[in-house]
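Asker: Sequence:
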Amino acid sequence: MNAGRWLGGGLICLLTAWVAWPGFSGTAAPGFVPPSVHAGAEAEPYLRSALVNAATPPRVHAASIAALPDGRLFSVWFGGEREGSTDVKIFAAYRETNAQAWGEQHAIASPEQTTADTGLLVRKMGNPVAFVTPHGELWVIYVSVTMGGWATSHINLMRSPDLGRSWLPSTRLVTSPFINLSTLVKGGPVFFDNGEVGVPVYHELAGKFAELLVLSETGEVRRKIRMDHGHRTLQPVVLVEDALRAIALMRDGAENPPRAWRSETADGGRSWSAPQLTDLPNPNSALAALRLDDGRLIAVANDTEDERLRLSLLVSEDGGAHWRAIHRFEDRQAQLGQDLTLEQFRPVLAGDLAALGPGPTPAEVAANAEQALCRHGDTCNWQYDYPYLIRADDGEFHLVYTWNRSFVRHLSFNRAWLESKL
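In this text, residue positions in the sequence shown follow our numbering: the first is 344, and each later residue adds one.
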């Protein structure tokens, strides 16, 4: 009898928590804020490069970039001795208006600081996403792990009312009414016409699927919307068309076949179609994408079926179902399965250094790349991955990605350069 009462009471509590969870709000969903329309193509096309981070720590990954209202750029990434190590911190840097080189990097979050802010133990950190909200705050959402691997992660929010000069304490976002585990972030935000912020997130524990987490203007969780009921989509990127319609592109988490996925909504993100495979090859790797003013989509992705030796710019004219490569930012695909000796690797790497632009010295870049890419100091290969792409209010495009596990490379280009490739 007592056991039955306990069971019944427990079920009532669970049901109450589930019904009370914000995702079950019966109010009508707000509409998306459509992307801004930008000025026409400039006369002189350009593609410019710079390295964002310093030579220490030696491993960096998962950069994002935000255009600030004052014309500066702000980038964040995680760095440490290696991915997943306990010394990893979230780093940031600014690029001043009209500058070519990035300023000095500084740590903005650490396991110790996040533990103190949230009151919950943090052992390792990853994947930060930075953006400016419609009401002018600079936000950074980042991943943390208390125990286990990335599948048991949480996400945290840092807010700055003054574009990064000072930060409010980090808060942990409770994305589940039960076990608040396995929410990760990679893609940039979308905004709603009521001031809410939509953050594309994904789940990895006991299944892989994309979701859209909706936050209030001050960062409280409003609801979470499942974008996929399958078990193989990760790291969604949402491309808004108008107040009701958007497309999501997703990393493939199963590699059979290795292709990116596509889903769409026609009700402001409240529901999403079952994901369909595109023809874009995807070797279980993150991608980035934007909608152009004329409705075409562009993406930056590892458009290969294996490894991350090539990073391409692609265009789609049918809403993301079919893609065509128009430029190779990085391409070592010819060396797939052909590791280089140190003697072969060093002169090839030396030939790359001049094109990287301002940043650490060539000697520092070469030393870090060699340490990151050469296994046991004898065989070496390349890796270019985790792109993040934005378009600033002035129409300029900004791409950051992980260059050979050791640096964040920033490429900027204008509409004229893009038009020359389309």
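Accuracy of the hints is not assured; some may be wrong.
Unchecked claim - No farther apart than 25 Å at their CA atoms in a straight line, the calculated lysine to any residue pairs in the SDA-like style are these:
hint, residue 1, residue 2
1, 764, 386
2, 432, 536
3, 432, 665
4, 764, 539
5, 764, 393
6, 432, 455
7, 432, 379
8, 432, 389
9, 432, 461
10, 764, 455
11, 764, 660
12, 432, 509
13, 764, 478
14, 764, 671
15, 764, 722
16, 764, 681
17, 764, 704
18, 764, 381
19, 764, 392
20, 432, 490
21, 432, 381
As the list claims (entries may be wrong) - If you anchor each label on the Cβ, the simulated ranges turn out as follows:
hint, residue 1, residue 2, range
22, 390, 721, 18 to 24 Å
23, 718, 387, 30 to 36 Å
24, 718, 536, 46 to 52 Å
25, 721, 693, 16 to 22 Å
26, 386, 447, 51 to 57 Å
27, 681, 597, 22 to 28 Å
28, 511, 610, 32 to 38 Å
29, 444, 536, 16 to 22 Å
30, 574, 386, 46 to 52 Å
By construction, these hints were calculated from the structure, which means they are not laboratory data.
Just so it is clear, CB atoms sit at the ideal spot from N, CA and C, and this is done for glycine as well.
Asker: If a hint holds in the structure, say so; if it doesn't, say that too.
Answerer: These are the hints, each one checked on the structure:
no.	hint	in the structure
1	764 / 386	holds, 15 Å
2	432 / 536	violated, 34 Å
3	432 / 665	violated, 38 Å
4	764 / 539	violated, 36 Å
5	764 / 393	holds, 21 Å
6	432 / 455	holds, 10 Å
7	432 / 379	violated, 34 Å
8	432 / 389	violated, 33 Å
9	432 / 461	holds, 16 Å
10	764 / 455	violated, 46 Å
11	764 / 660	holds, 14 Å
12	432 / 509	holds, 17 Å
13	764 / 478	violated, 35 Å
14	764 / 671	holds, 11 Å
15	764 / 722	violated, 35 Å
16	764 / 681	violated, 30 Å
17	764 / 704	violated, 31 Å
18	764 / 381	holds, 18 Å
19	764 / 392	holds, 18 Å
20	432 / 490	holds, 17 Å
21	432 / 381	violated, 36 Å
22	390 / 721: 18 to 24 Å	violated, 35 Å
23	718 / 387: 30 to 36 Å	violated, 43 Å
24	718 / 536: 46 to 52 Å	holds, 51 Å
25	721 / 693: 16 to 22 Å	holds, 18 Å
26	386 / 447: 51 to 57 Å	violated, 34 Å
27	681 / 597: 22 to 28 Å	holds, 27 Å
28	511 / 610: 32 to 38 Å	holds, 33 Å
29	444 / 536: 16 to 22 Å	violated, 38 Å
30	574 / 386: 46 to 52 Å	holds, 50 Å
Hints 2, 3, 4, 7, 8, 10, 13, 15, 16, 17, 21, 22, 23, 26 and 29, counting from the list given before, are not met by this structure.
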